[in-house]
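The primary structure of each chain is shown beneath.
Number of protein chains: 2
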Amino acid sequence: MKFIEKLVNATRKNRSLLCVGLDSDPAQIPDGLSVIEFNKAIIDATSDLVCAYKPNVAFYEAQGADGFDTLKRTVEYIPDDIPVIADAKRGDIGNTAKAYARALFTHFNFDATTVSPYLGLDSLEPFIEYQDKAIFILCRTSNAGAVDFQSLLCESENGSRLLFEVVAHKAGQWNIHGNIGLVVGATYPEELKLIRQMQPEMPLLIPGIGAQGGDLALTVRYGVDARGEKAVINSSRQIIFASKEKDFAEAARQAALALRDGINRQLAELNM
Amino acid sequence: MKFIEKLVNATRKNRSLLCVGLDSDPAQIPDGLSVIEFNKAIIDATSDLVCAYKPNVAFYEAQGADGFDTLKRTVEYIPDDIPVIADAKRGDIGNTAKAYARALFTHFNFDATTVSPYLGLDSLEPFIEYQDKAIFILCRTSNAGAVDFQSLLCESENGSRLLFEVVAHKAGQWNIHGNIGLVVGATYPEELKLIRQMQPEMPLLIPGIGAQGGDLALTVRYGVDARGEKAVINSSRQIIFASKEKDFAEAARQAALALRDGINRQLAELNM
Chain A
889 MKFIEKLVNA TRKNRSLLCV GLDSDPAQIP DGLSVIEFNK AIIDATSDLV CAYKPNVAFY
949 EAQGADGFDT LKRTVEYIPD DIPVIADAKR GDIGNTAKAY ARALFTHFNF DATTVSPYLG
1009 LDSLEPFIEY QDKAIFILCR TSNAGAVDFQ SLLCESENGS RLLFEVVAHK AGQWNIHGNI
1069 GLVVGATYPE ELKLIRQMQP EMPLLIPGIG AQGGDLALTV RYGVDARGEK AVINSSRQII
1129 FASKEKDFAE AARQAALALR DGINRQLAEL NM
Chain B
889 MKFIEKLVNA TRKNRSLLCV GLDSDPAQIP DGLSVIEFNK AIIDATSDLV CAYKPNVAFY
949 EAQGADGFDT LKRTVEYIPD DIPVIADAKR GDIGNTAKAY ARALFTHFNF DATTVSPYLG
1009 LDSLEPFIEY QDKAIFILCR TSNAGAVDFQ SLLCESENGS RLLFEVVAHK AGQWNIHGNI
1069 GLVVGATYPE ELKLIRQMQP EMPLLIPGIG AQGGDLALTV RYGVDARGEK AVINSSRQII
1129 FASKEKDFAE AARQAALALR DGINRQLAEL NM
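In order, the protein sequences belong to chains A and B. Sequential numbering of the first sequence, starting at 889, is according to our numbering. Sequential numbering of the second sequence, starting at 889, is according to our numbering.
Everything labelled a hint here was simulated from the structure, so no lab data went into it. Some clues are possibly wrong.
One copy or any two copies: either way a pair holds, since identical chains are not told apart in the list.
To be verified - Quick list of in silico lysine-lysine cross-link-like pairs, DSS-like style, CA-CA up to 25 Å:
#1 Lys960 - Lys986
#2 Lys1132 - Lys986
#3 Lys890 - Lys1134
#4 Lys901 - Lys1058
#5 Lys986 - Lys1058
#6 Lys1134 - Lys986
#7 Lys901 - Lys986
#8 Lys960 - Lys1081
#9 Lys1081 - Lys986
#10 Lys890 - Lys1132
#11 Lys901 - Lys928
#12 Lys1134 - Lys1081
#13 Lys901 - Lys1132
#14 Lys1058 - Lys1132
#15 Lys901 - Lys890
#16 Lys986 - Lys890
#17 Lys1081 - Lys1132
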């Protein structure tokens, strides 16, 4: 099954555009729990409320070999009908890109990964060749420093465009297998609107609501496709660390439910 | 000790600008050897001939938890006076960038890492804060796809500049701790010349000679600083896979010796 079908199926089954970010920093989880125990409890508590999970590879890598074992077991534990997106932001060339793609898609069995565009198409091809997997290319990220390069005005084949617009445009040209999406931060709603207009069919992975301050109503309005789908709205800390006490899993469920339903209320206001 | 001192000390001690890339793909190493055994033999055979080693993290990550254990043991095995650069091309934000920096600099104890510029300064600050460590920012990479974005003409505060020039310029502005370098592919000698002119003091990590076809004479001429130093000229497969038989370590030594001495002959021609 193609990634996009798996994503849309999960969205419809769970009536959800919510992606839970499994940024399970060991320093933040309740005392006495291992990361894998924590993740399993979060997944058990939320898997009927999400369209995807997104573990951030950095938090696992920081634990060395043990962390990678935890990451693999986390992906295995997630129900088969929920896509799992690696937040890895990889970008490398040739054999290295192939090795990263193999690691993420074959060893860890992720359904998709985030990638960096800076090295160009040949750095992305080894990922794109996995036609049932997908990539989300960093386009307009949610951080303040995003403007340093992403908002430079560039001469492109379509005239003067901001760098992130050039990225969005080329992503469309490169999307021959229908397995490319874009990462667009919720903290820049006007840019999100522009990118959705440029790529009406692409899945958009949208971090930046919650702790980072993105506006939910605008995120939903500008992020979804014409059917009110294909926006993957990520929240991490706000959900998984909703409580740091023994009730953390139930608190995560309540936070996920509130956010999923909040997104759905916005869709309802848009008659979607 | 600052990274740049460690690098220059190793260059002078070993009379070498050569960096050996430990891209130790298990599929390529001689039968019957583990990756750590292979790496130890390569390091034993070459550590008096190099200014640095550069393991490509992807090849280790592809092996999961075992690969990360091998990577850690490889860094530990390299003599203390030879800097070790992680080819990791990381680029992420906030807590994630902090986690990557901690993983690479604290857990694995690398001296430096390659990083991607696309997310801007706040994605690099968590690395820069390790003042005795260093980052090499991807500027003009050695692959064909580099042109897709890196050579876009941009409006910058200095007028119209190619994107990689803007990256090189900003890297200079951000270099308050003297621990920033740039990655510039040997396959684009004119761009290398331009970048060295823009940043006469920065260390440049230069992949792309050998298998990728970069010209050694131009790489040396355009890559070094005014003292004939601070160019870190990387070769990976050409050295570590010089032979795939039992004599692989001796063959690697001969290949490293030939390349180091070839670089030094170019320096001699430049009276350096």
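We went through each hint and held it up to the structure:
Taking CA atoms no more than 25 Å apart as the test, Lys960 paired with Lys986 passes in both settings, with 19 Å inside one copy and 22 Å between copies. Taking the shortest alpha-carbon separations for Lys1132 and Lys986, only the inter-copy value of 21 Å comes in at or below 25 Å, while the best intra-copy value is 39 Å. When the C-alpha separation of Lys890 and Lys1134 is checked against a cutoff of 25 Å, the pair qualifies neither within a copy, at 38 Å, nor between copies, at 45 Å. For the identical chains of this complex, Lys901 and Lys1058 are neighbours neither inside a copy (32 Å) nor across copies (47 Å), given an alpha-carbon limit of 25 Å.
Only within a single protomer do Lys986 and Lys1058 lie at most 25 Å apart by alpha-carbon distance; the minimum there is 21 Å, versus 30 Å between protomers. Within a single copy, Lys1134 and Lys986 get their C-alpha atoms no closer than 42 Å, and across copies no closer than 27 Å, so neither meets the 25 Å cut-off. Taking the closest pair of Cα atoms, Lys901 and Lys986 never come within 25 Å of each other, the shortest separation being 33 Å inside a single copy and 36 Å across copies. For a Cα distance limit of 25 Å, the shortest separation of Lys960 from Lys1081 qualifies neither inside one copy, at 35 Å, nor across copies, at 44 Å.
In this assembly of identical chains, Lys1081 and Lys986 lie within 25 Å of each other by CA distance neither inside one copy nor across copies; the values are 33 Å within and 30 Å between. For the identical chains of this complex, Lys890 and Lys1132 are neighbours neither inside a copy (37 Å) nor across copies (39 Å), given an alpha-carbon limit of 25 Å. Proximity of Lys901 and Lys928 under a CA criterion of 25 Å is satisfied intra-copy only: 21 Å inside one chain copy versus 52 Å between copies. In the homo-oligomer, the alpha carbons of Lys1134 and Lys1081 never lie at most 25 Å apart, since the shortest distance is 40 Å inside one protomer and 60 Å across protomers.
When the C-alpha separation of Lys901 and Lys1132 is checked against a cutoff of 25 Å, the pair qualifies neither within a copy, at 29 Å, nor between copies, at 53 Å. In the homo-oligomer, the alpha carbons of Lys1058 and Lys1132 never lie at most 25 Å apart, since the shortest distance is 43 Å inside one protomer and 40 Å across protomers. Only within a single protomer do Lys901 and Lys890 lie at most 25 Å apart by alpha-carbon distance; the minimum there is 17 Å, versus 55 Å between protomers. In this homomeric assembly, Lys986 and Lys890 come within 25 Å of each other (Cα to Cα) only inside a single copy, at 20 Å, whereas the closest approach across copies is 34 Å.
When the C-alpha separation of Lys1081 and Lys1132 is checked against a cutoff of 25 Å, the pair qualifies neither within a copy, at 36 Å, nor between copies, at 54 Å.
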